[in-house]
Amino acid sequence: MATDTKIKVVVGKPGLDGHDRGAKVVARALVEAGMEVVYLGLRQTPESIVAAAIEEDADVIGLSVLSGAHMTHFPKVMELMKEKGIGDRLLTGGGIIPTKDQETLTAMGVGKLFGPGDDPSLIVNYIQDWVKEHRREN
Amino acid sequence: MTPKTAEADRTAPVRDADFTTISGRELKNVYTPDDLAPEDLGENLGLPGDYPYTRGIHPTMYRGKLWTMRQFAGMGTAEQTNQRFKFLLERGQTGLSTAFDNPTLYGWDSDHPLSAGEVGKTGVAVDSLADMERLFDSIPLDKVSTSMTINAPAAWIFTMFLANAENRGVPLEKLRGTIQNDILKEYIAQKEWIFPPEPHIRLICDMFAFCADHVPQWNTISISGYHIREAGATAAQELAFTLMDGFTYVDAAIEAGMNVDDFAPRLSFFFNSHMDFFEEIAKLRAARRIWARHMKEEYGAQNPRSWLCRFHVQTAGCSLTAQQPEVNIVRTAIEALAGVLGGCQSLHTNSMDEALALPSDKAVEIALRTQQVIAFESGVANVADPLGGSYLIERLTRELEEEAESYFAKIREMGGMVKAIERGFPQQEITRSAYEYQCALSEKRKTMVGVNEFVHENEVLEIPILEIGESVERDQIAAVKKLKETRDNVAVKDSLDALEKAARTKENLIPHLLRCSHAYATEGEITETLIKVFGEYREQAFF
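Sequence order for the protein chains is A and B. So in the numbering used here, spot 95 of the first sequence is number 95, and the numbers just go up one at a time. If you count the second sequence from 1, you need to add 1000 to reach the numbering used here.
Because the hints were derived from the structure by calculation, they are not lab data. Please note that a few of the clues may not be correct.
Quick partial rundown of chain A residues pointing at chain B, CB under 7 Å, derived from the structure [what the hints assert, rightly or not]:
| no. | residue |
| --- | --- |
| 1 | G15 |
| 2 | A27 |
| 3 | A69 |
| 4 | T72 |
| 5 | G115 |
Capping the alpha-carbon separation at 25 Å, the derived lysine to any residue pairs in SDA-like fashion look like this [said to hold, decoys possible]:
| no. | chain 1 | residue 1 | chain 2 | residue 2 |
| --- | --- | --- | --- | --- |
| 6 | B | K1446 | A | V31 |
| 7 | B | K1419 | B | H1294 |
| 8 | B | K1419 | A | L42 |
| 9 | B | K1446 | B | T1321 |
| 10 | A | K8 | B | E1539 |
| 11 | B | K1493 | B | E1166 |
| 12 | A | K112 | B | C1439 |
| 13 | A | K112 | B | A1355 |
| 14 | A | K8 | B | F1543 |
Every residue gets a Cβ at the ideal spot worked out from N, C-alpha and C, and that includes glycine.
With these hints in hand, go ahead and build the complete structure from the sequences.
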């Protein structure tokens, strides 16, 4: 992947959570900021999300979880990413995620997680900075 | 005589601020009789209890009966939620409202692979009649009205409720309550569907017909704008899409051979009450007027009860902030007041901690107390429609009615709501509004206190957070597995086979679902049986 290509982000909602307002607003904000977004939509599994990230050669996976199932989905996606050889990409996301759980997930290697009231520009900046620092050279 | 203010003063400079509503509606500095059309104080208005019901559905409104204080509750196991129900009733709540967990809302059992991590998290897990028995244990079903927020599998969760009532010897005609049962807004906003629209709408019509004969006091549907608004719609979009959904159900039931007056009196509605105080009040008044006019004039309903838009209101979850959560108590109070001044029949007030987690006992008690302060201290319940005749309110009510009518025309042009949903029209309108509002926040044209202004740096959260233990999922999975081993599996199979056979005909499915429920068939087994006949719905993802 060349450094001048667009940052590519796969955005998905794992599990049964239908709250997609935040995911859609963030997806749009990432596009406005010049990134390429592959929006998978609802009812994704960790497997389908990781498969899409590999297929798209994405830099970033963004999960949106407002259902309380974050401690199931984030670790599972992280584990699959490592298993499938894309553990060097960023796994980030947002939802209703208590600070205590965020800390546990960060310790597992999950990136920063965002919540209600966080401006989309924070997410844009975070992803841009992360990619600048970590982008793989071909 | 007081001297008139000079014209120059009326055009004096104003603050550099956005004076539009939260939906982006332009407002004037002041409203006068010139802003009203003659009909706004005439045929558009009337008295409370009179057609077109702009001013309320009862002549005496809250002097006659206060709104029902109904807090949406559900978490963990049936036992845990049963305890929360009793906690709320002891503190003066006057009706129950059940929140189910995600697997239940999608029609899956707790042991389904897609249920992993979600059992009991955002509501109570119900897999079968056995859970329903524990959920309503020692709650007098013939005395407390009960609302159940469930849509795609509404018919078979409802028949589990009925089976429980029958087993306890409570006559079905004594049951009072509401089942949400509104699938169209699922496709539009909340996204909990199973089948394509047509079979879901058939099941809804089956419910209308069955309840008209057997459960006459039950509200067979709660046509909901709440979720549409939460997904980002403006006030006018919420109003228009909700009522258009309502007309779609009326059309379907008439097409299924029912007489409008046989089912329309049991249709009910559910609206959001957001932060923009006057616009919300106007929206609720407009809803009553539009519904009454269409039911009477377009559908020719004769029974005045068919004309009534009776509704529940919930304060806006999306207006709550994770930052400085105590401030949410104030937001909720303002929104609840708008719901009451808009003439709601029942009300849920959100708890201050809902941008963080499911509400704690303490938070839900404050939310209920908020309603009690409005009802018993503020004096607003003493007069029916106290804002009637206000230049601003009557003008906004008319504007909202006109905007809704223009959406109706647009949707009809597309071939109706189902067609509009299939081409993503309401979904795209809502997504656009949500993004525009986010931009307004980012650019600080709109303010959320504690979020984009008046921010508390390095805030430390100081309120207790309710946690649902992981044992809930393990216990629930064990219970459903055990049930499947211990029940009469021949009776289960027979009832499911009969259901499948009936689903392939035009027969009313509710008696079959009731039989399955009595046999302790699980929710997921019923879902899978019906998927064999009806298929599954897939959404085109877009943003």
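message: For a C-alpha distance cap of 25 Å, please report whether K1419 of chain B and L42 of chain A respect it.
response: Roughly 21 Å between the alpha carbons, so the hint for K1419 of chain B and L42 of chain A holds.
query: Taken at face value, is the distance from the CA of F1543 of chain B to the CA of K8 of chain A at most 25 Å?
result: holds (16 Å)
message: Is the interface hint satisfied for A27 of chain A? The criterion is a beta-carbon contact with chain B at less than 7 Å.
response: holds (4 Å)
- prompt: Taking 7 Å as the limit, does the beta-carbon of A69 of chain A come near enough to a beta-carbon in chain B?
  reply: Holds. Min distance 4 Å.
message: Hinted pair, alpha-carbon criterion (25 Å max): K8 of chain A, E1539 of chain B. Please report holds or violated.
response: It holds: about 23 Å lies between the C-alpha atoms, which stays within 25 Å.
message: Under 7 Å is the threshold here; is the Cβ of G15 of chain A close enough to any Cβ of chain B for the hint to stand?
response: holds (6 Å)
query: Given G115 of chain A as an interface hint, is the shortest Cβ-Cβ distance to chain B below 7 Å?
result: holds (5 Å)
task: Below or equal to 25 Å on CA atoms is what counts here, so check K112 of chain A against A1355 of chain B.
output: holds (18 Å)
message: With the threshold set at 25 Å, check whether the alpha-carbon distance from K1419 of chain B to H1294 of chain B stays at or below it.
response: It holds: about 21 Å lies between the C-alpha atoms, which stays within 25 Å.
query: Regarding the pair K1446 of chain B and T1321 of chain B, is the alpha-carbon distance no greater than 25 Å?
result: holds (14 Å)
- prompt: Should the interface hint for T72 of chain A be scored as holding, given a Cβ-Cβ cut-off of 7 Å against chain B?
  reply: holds (3 Å)
- request: Starting from K112 of chain A, check that the Cα of C1439 of chain B is at most 25 Å away, please.
  value: holds (22 Å)
In this structure, none of the earlier numbered hints is contradicted; all agree with it.
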